[in-house]
Amino acid sequence: MVEGALVAGCRFFAGYPITPASEISEILSIKLPRLDGTFIQMEDEIASLGAVIGASLAGVKSMTATSGPGFSLMQENLGFAIMAEVPCVIVNVMRGGPSTGLPTFPSQSDVMQARWGTHGDHPAIALSASTVRECYEMTVKAFNLSEKFRTPVVLLMDEVVAHMREKMVLPDEDDVEVFNRVKPTVPPEWYMPYEDTPRGVPAMANFGEGYRYHVTGLTHDVRGFPTSRPDEIGPFIARLHRKISQHFSEIQMAEFFQTEDAEITIVAYGCVARSARRAMIEARERGIKVGLLKLVTIWPFARSAVEKVLQKSRILLVPEMNMGQISREVKRVNPGVAKVFTLNKVDGTIITPEEILNRITEVA
Amino acid sequence: MGEATKLIYKYLRHDKKFPHVWCPGCGIGILLGALIRAIDRTGFEKDEIVLVSGIGCSGRLPVYVDFNTLHTTHGRALTFATGVKLAKPSLKVIVIMGDGDAVAIGGNHFIHAARRNIDVTSIILNNSIYGMTGGQYSPTTPYGMRSSTTAYSNIEQAFKISELAVTAGAVFVGRGTVYQAKLLDGLIEKAILKPGFSVVEVIAHCHTQYGRQNRLGNAVEMMEWQRDHAVAVEKAAGMAPEALQDKIVIGVLVDKELPVYQEEYEMIRERAKATATR
Ligand SMILES: Cc1ncc(C[n+]2csc(CCOP(=O)(O)OP(=O)(O)O)c2C)c(N)n1
Ligand code: SF4
Chain A
1 MVEGALVAGC RFFAGYPITP ASEISEILSI KLPRLDGTFI QMEDEIASLG
51 AVIGASLAGV KSMTATSGPG FSLMQENLGF AIMAEVPCVI VNVMRGGPST
101 GLPTFPSQSD VMQARWGTHG DHPAIALSAS TVRECYEMTV KAFNLSEKFR
151 TPVVLLMDEV VAHMREKMVL PDEDDVEVFN RVKPTVPPEW YMPYEDTPRG
201 VPAMANFGEG YRYHVTGLTH DVRGFPTSRP DEIGPFIARL HRKISQHFSE
251 IQMAEFFQTE DAEITIVAYG CVARSARRAM IEARERGIKV GLLKLVTIWP
301 FARSAVEKVL QKSRILLVPE MNMGQISREV KRVNPGVAKV FTLNKVDGTI
351 ITPEEILNRI TEVA
Chain B
1 MGEATKLIYK YLRHDKKFPH VWCPGCGIGI LLGALIRAID RTGFEKDEIV
51 LVSGIGCSGR LPVYVDFNTL HTTHGRALTF ATGVKLAKPS LKVIVIMGDG
101 DAVAIGGNHF IHAARRNIDV TSIILNNSIY GMTGGQYSPT TPYGMRSSTT
151 AYSNIEQAFK ISELAVTAGA VFVGRGTVYQ AKLLDGLIEK AILKPGFSVV
201 EVIAHCHTQY GRQNRLGNAV EMMEWQRDHA VAVEKAAGMA PEALQDKIVI
251 GVLVDKELPV YQEEYEMIRE RAKATATR
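The listed protein sequences correspond, in order, to chains A and B.
Counting in the working numbering, the first sequence runs from 1 upward without gaps.
Counting in the working numbering, the second sequence runs from 1 upward without gaps.
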């Protein structure tokens with residue numbers, strides 16, 4: 001994850017220690033200064049995200065990492081970054097909750113918080129990972145998406161994947177695609193920091209580069225100035241949503257495993273996707289046609305991918321380490337053509353392949 | 001063109017953002033004038049200045065001036081400012097906060113920014129009240145005073161912002177009033193030029209909320225009160241504590257040297273690079 005961040009160009013990290021995300025801080029505190037980057041431990045998570053947003057506005061790619069309680073504290077500034085369209089990356093290594101909950105145990109219970117945690121109507125991008133390789137790749141992807149769409153991106157990790165040790169060969173740095181925010185090319189007096197564009201994403205000037213403009217969390221006009229005019233508010237909020245919805249295909253990542261002939265498709269993400277893959281193989285050995293849809297992008301929800309498996313399978317099984325957060329979305333998308341079953345676990349232990357297999361034989 | 005007109009044309013977003021949102025007679029306008037005069041005297045280019053604020057009447061100040069301006073979340077301005085400054089140290093970062101902004105919801109950030117000695121200038125407009133939300137009491141509302149949420153009188157003791165800044169480690173602390181605008185110009189100029197965490201506490205009136213609820217008169221009368229209660233720090237040094245009870249001590253309260261965060265961090269970078277190559 002750290003390597004991914006550095007390759008993507010991250011040179012600023014602000015955080016507050018919390019299990020199980022502290023390792024990211026510790027490694028970055030060593031690596032960032034070597035690259036003329038900055039690491040700072042702030043007084044809390046609110047401050048951490050504030051500093052990250054400030055650094056990004058000054059033109060430096062920046063990130064923070066936390067777990068449930070810290071992610072809760074970040075919600076107001078997360079909304080600010082969405083509203084003011086400031087790219088940044090927030091890693092949330094999920095733990096069981098509510099409250100201090102289960103600090104050192106895996107969980108997937110912040111899926112909905114990543115979608116709706118901050119107040120107001122807003123779009124959200126959240127990615128997940130189920131292998132060490134994906135941690136690397138999705139961190140790069142998170143930075144790229146945040147720069148491309150001028151929006152914060154949340155990386156939802158679970159403790160199992162975050163602490164996993166796997167061998168991986170890092171790709172050559174030159175082979176990694178890195179996207180940098182589009183800067184204005186017009187003269188400063190013509191610059192409209194929040195204007196609509198065909199992609200819905202306005203060019204972003206960094207502080208100190210000659211484009212003096214206003215950044216605010218208040219609803220603003222195309223120049224960035226606060227507005228309360230309905231004819232400016234409506235189009236602005238619509239554009240915030242459209243810049244994401246218009247580019248679903250660029251943002252949505254999902255993998256299909258043997259779904260072509262599957263009667264039962266498992267929909268899973270994070271570490272559960274690994275157990276699901278194992279369960280799928282074992283079920284097939286027993287003659288049950290099982291497939292797997294692995295969600296990598298969590299938000300925006302992979303509607304089209306789910307619709308695809310809905311056309312093939314009569315049963316969808318959604319195992320999750322929460323009380324059923326993604327399964328609600330799957331049910332919402334299902335027009336009634338398939339039965340959607342859940343498998344929920346919130347006791348701090350991972351969902352094993354056997355448990356998924358048992359559930360498969362139950363519902364088959 | 002007169003001096004003031006020149007400054008207006010140079011620094012205000014005069015053709016874009018006016019009229020402003022403040023009540024006629026509000027002290028924030030005087031602070032705006034002082035800030036512009038001070039910045040003009042420091043000679044910084046407009047592109048080099050980042051003006052950051054939190055939320056409140058005072059938080060609305062940056063939108064009117066032609067710098068890189070950043071209106072953040074309530075109480076968090078200093079955290080954003082920290083990020084801007086560390087990411088691009090060549091920028092001059094100035095933060096405007098209200099008293100609620102700076103020492104209620106943002107109190108923790110305030111003491112930690114001071115402790116770290118981040119090279120940022122904090123200007124705190126202390127009007128003893130939450131102006132924007134309708135005159136509720138703030139951590140600087142004096143004991144015994146009224147507000148929208150202390151109708152029977154305030155039973156909490158007030159924070160002294162400048163003294164808090166001194167204790168937390170700020171290298172420059174100055175206090176002024178909006179009545180003594182000339183002094184304010186000088187304090188802000190000194191604070192901006194000082195490397196490290198500098199604080200200027202600006203005692204101001206909010207006649208609309210604090211003044212009305214406590215029957216303190218109109219804006220002019222409240223400013224006259226500032227005039228009558230301000231004591232220069234040099235004079236205050238020779239006065240008994242009892243005599244200073246209801247006084248506002250104005251002037252430079254602290255001006256000292258401590259290592260600045262950014263310079264220390266440069267040293268960390270050098271060390272990190274040395275260990276990497278070993
Ligand atoms: C998290 C949060 N809580 C509450 C508010 C509402 N609010 C807006 S301004 C303000 C107080 C402003 O008072 P002060 O900082 O003293 O500034 P003034 O308006 O007096 O200049 C409050 C409580 C908010 N914007 N955000
Ligand atoms: S409410 Fe008070 S602080 Fe706010 S603009 Fe009016 S006078 Fe100024």
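The hints are simulated quantities; they were obtained by calculation from the structure and are not laboratory data.
Just so you know, even glycine gets a beta-carbon here, dropped at the ideal spot from N, CA and C.
One or more hints might be untrue.
Unchecked claim - Have a look at the derived ranges for each label pair, beta carbon to beta carbon:
| id | chain 1 | residue 1 | chain 2 | residue 2 | range |
| --- | --- | --- | --- | --- | --- |
| 1 | B | A276 | A | V132 | 21 to 31 Å |
| 2 | A | H163 | B | E266 | 50 to 60 Å |
| 3 | B | A276 | A | P103 | 30 to 40 Å |
| 4 | B | R212 | A | G324 | 46 to 56 Å |
| 5 | B | L244 | A | S99 | 42 to 52 Å |
| 6 | A | D261 | B | A276 | 44 to 54 Å |
As the list claims (entries may be wrong) - Looking from chain B toward chain A, a few residues come up when the C-beta cut is under 10 Å (computed):
| id | residue |
| --- | --- |
| 7 | E48 |
| 8 | V52 |
| 9 | G75 |
| 10 | Q226 |
| 11 | I268 |
Which hints, by number, does the structure contradict? 2, 10
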